[in-house]
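Peer 1: Taken in order, these protein sequences are the chains called R and W. Residues in the first sequence are numbered from 604 upward in steps of one, following our numbering. Residues in the second sequence are numbered from 604 upward in steps of one, following our numbering.
The hints are simulated quantities; they were obtained by calculation from the structure and are not laboratory data. A quick note: this is a predicted structure, and the numbers were derived from the prediction, not measured. Mixed in with the good hints, there may be bad ones.
Using 27 Å as the maximum straight-line C-alpha spacing, the simulated DSSO-like pairs for lysine-lysine come out as follows [claimed, not checked]:
id	chain 1	residue 1	chain 2	residue 2
1	R	Lys804	W	Lys713
2	R	Lys628	R	Lys701
3	W	Lys804	R	Lys713
4	R	Lys628	W	Lys713
5	R	Lys697	R	Lys644
6	R	Lys713	R	Lys652
7	W	Lys644	W	Lys628
8	W	Lys654	W	Lys697
9	W	Lys697	W	Lys804
Some residues of chain R that are not near chain W, with every Cβ distance over 12 Å (derived) [claimed, not checked]:
id	residue
10	Lys644
11	Gly696
12	Glu700
13	Lys701
14	Ser716
15	Phe738
16	Ala756
17	Ala777
18	Gln781
19	Ile783
20	Val806
C-beta: ideal position from N, C-alpha, C; glycine also.
There are 2 protein chains.
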Amino acid sequence: EVMFAFAAQSAARRVILASGSPRRKEILQNVGISFVVNSSKFDETSLDKSKFAAPTDFVMENSRQKALEVASRVGEASFDLIISADTVVVLDGKILEKPAHPAEAFAMLKSLSGRQHNVVTGVTLLRPASPPASFFESTDVVFTALSDDEISAYIATNEPFDKAGGYGIQSLGAFFVQGIVGDYYNVVGFPLFRFSREVQKIVWE
Amino acid sequence: EVMFAFAAQSAARRVILASGSPRRKEILQNVGISFVVNSSKFDETSLDKSKFAAPTDFVMENSRQKALEVASRVGEASFDLIISADTVVVLDGKILEKPAHPAEAFAMLKSLSGRQHNVVTGVTLLRPASPPASFFESTDVVFTALSDDEISAYIATNEPFDKAGGYGIQSLGAFFVQGIVGDYYNVVGFPLFRFSREVQKIVWE
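This is chain R alone, in the form it adopts within the complex (with noise of 0.2 Å):
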């Protein structure tokens, strides 16, 4: 069941994940990718957005933090390659993360409603005694217009806290969803496509 040529080599290989999202791990376990789970213990809170210069930048600086917070913890000896992403939801050149309570769920998704925002996602792939490297994509969500109570039975689900912008495309939130433009990946939080290109350019010792 293993077609690609990094899914193939993944299991001779010592491959991190360091992200705990188990929709990152669910998309790749998908396409016969081996790896071990280790949640990047960076903050990912810590780094100040307005000092970026735009959201791409802000992604791949966290996505960057969080795979080099794995590779001085567990050590270079460990493994052959981390892989780590960060999500935002950006609208109107603002980022959107996390809700951290019903109020900030509301808003958020108040200001999605009836709206485009682009989903974007910042990758590092980390080799030892190599420099990080980094891409992001981008793709485009067509929200539909929702009243007030769907937004509300929507958050009494408890669906909207634990991910970017406040909704999850891959469950109950996919009601919100017109269209996309890009990969649908992206928006759940991991860019299959470009991954899949990016990492076969890593030439193995």
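Fit chain W to the given chain R structure using the hints.
Peer 2: Just chain W now, kept in the frame of chain R:
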């Protein structure tokens, strides 16, 4: 975990999914809809494609026939709603269904390589003593350029054979899809967003 009105209502209604597709079943279950599966015995290859002005007419008629077959077999007294669907891949106005053997799968994937195509799903909602209500949804898919080796490796996984156009975006076929324009779930086989809008028009007795 139920949010939208139809999902809540479905628990008290006798809803039949007239499709044996495990993907359609998963999409509907994932958003909390209650139903039983009763696969249509209508032969979806029996309609003459050349008699339809457009692929959209063809998939709607196929879905209509699937729903009517189940209705006549189970009887009108035994259901409140039948949901049926038919999905095809359309390239240059030509319909691609499921490949029957490796050579056909190879030719299909080769024709899709490096190009854009459409995935079109027809859906019928059938209630007792009412005319069937049908609609369709179309999604653009941008395929990356594939080498013959990549196509052969993919065919060797056996993934192409039960899928319209010979690929599945929800598993290894994801590596071939640069991006989409529209509803991801429609590419998997069921237009969830559009369905959620259409099904809300139904007034239960």
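Peer 1: Is it correct that the beta-carbon of glycine 696 (chain R) has no partner in chain W closer than or equal to 12 Å?
Peer 2: holds, 22 Å
Peer 1: Beyond 12 Å on every Cβ pair: is that true for serine 716 (chain R) relative to chain W?
Peer 2: holds, 15 Å
Peer 1: Does the structure keep lysine 697 (chain W) and lysine 804 (chain W) at a Cα separation of 27 Å or less?
Peer 2: violated, 32 Å
Peer 1: Tell me if the straight-line CA distance from lysine 804 (chain W) to lysine 713 (chain R) falls inside 27 Å.
Peer 2: holds, 24 Å
Peer 1: Is it the case that glutamate 700 (chain R) keeps its Cβ farther than 12 Å from each residue Cβ in chain W?
Peer 2: holds, 23 Å
Peer 1: Using Cβ atoms and 12 Å as the threshold, tell me whether phenylalanine 738 (chain R) really stays out of contact range of chain W.
Peer 2: Holds: least Cβ distance 15 Å, greater than 12 Å.
Peer 1: Against chain W, does lysine 701 (chain R) hold up as non-interface, every C-beta pair farther apart than 12 Å?
Peer 2: Label holds. Min Cβ-Cβ 19 Å, cutoff 12 Å.
Peer 1: Verify the proposed pairing of lysine 654 (chain W) with lysine 697 (chain W), using a straight-line Cα cut of 27 Å.
Peer 2: holds, 13 Å
Peer 1: Below or equal to 27 Å on CA atoms is what counts here, so check lysine 644 (chain W) against lysine 628 (chain W).
Peer 2: The hint holds at about 17 Å.
Peer 1: Given the hinted pair lysine 713 (chain R) and lysine 652 (chain R), is their alpha-carbon gap at most 27 Å?
Peer 2: holds, 22 Å
Peer 1: Just to be careful, I want the Cα atoms of lysine 628 (chain R) and lysine 701 (chain R) compared with a cutoff of 27 Å; is the pair within it?
Peer 2: Distance of about 19 Å is within 27 Å: holds.
Peer 1: Is the Cβ of alanine 756 (chain R) more than 12 Å away from each Cβ in chain W?
Peer 2: For alanine 756 (chain R), whose nearest Cβ neighbour in chain W is about 5 Å away, the distance does not exceed 12 Å, so it is violated.
Hints 4, 9, 16, 17, 18, 19 from the list above are not met by this structure, while the remaining hints are.
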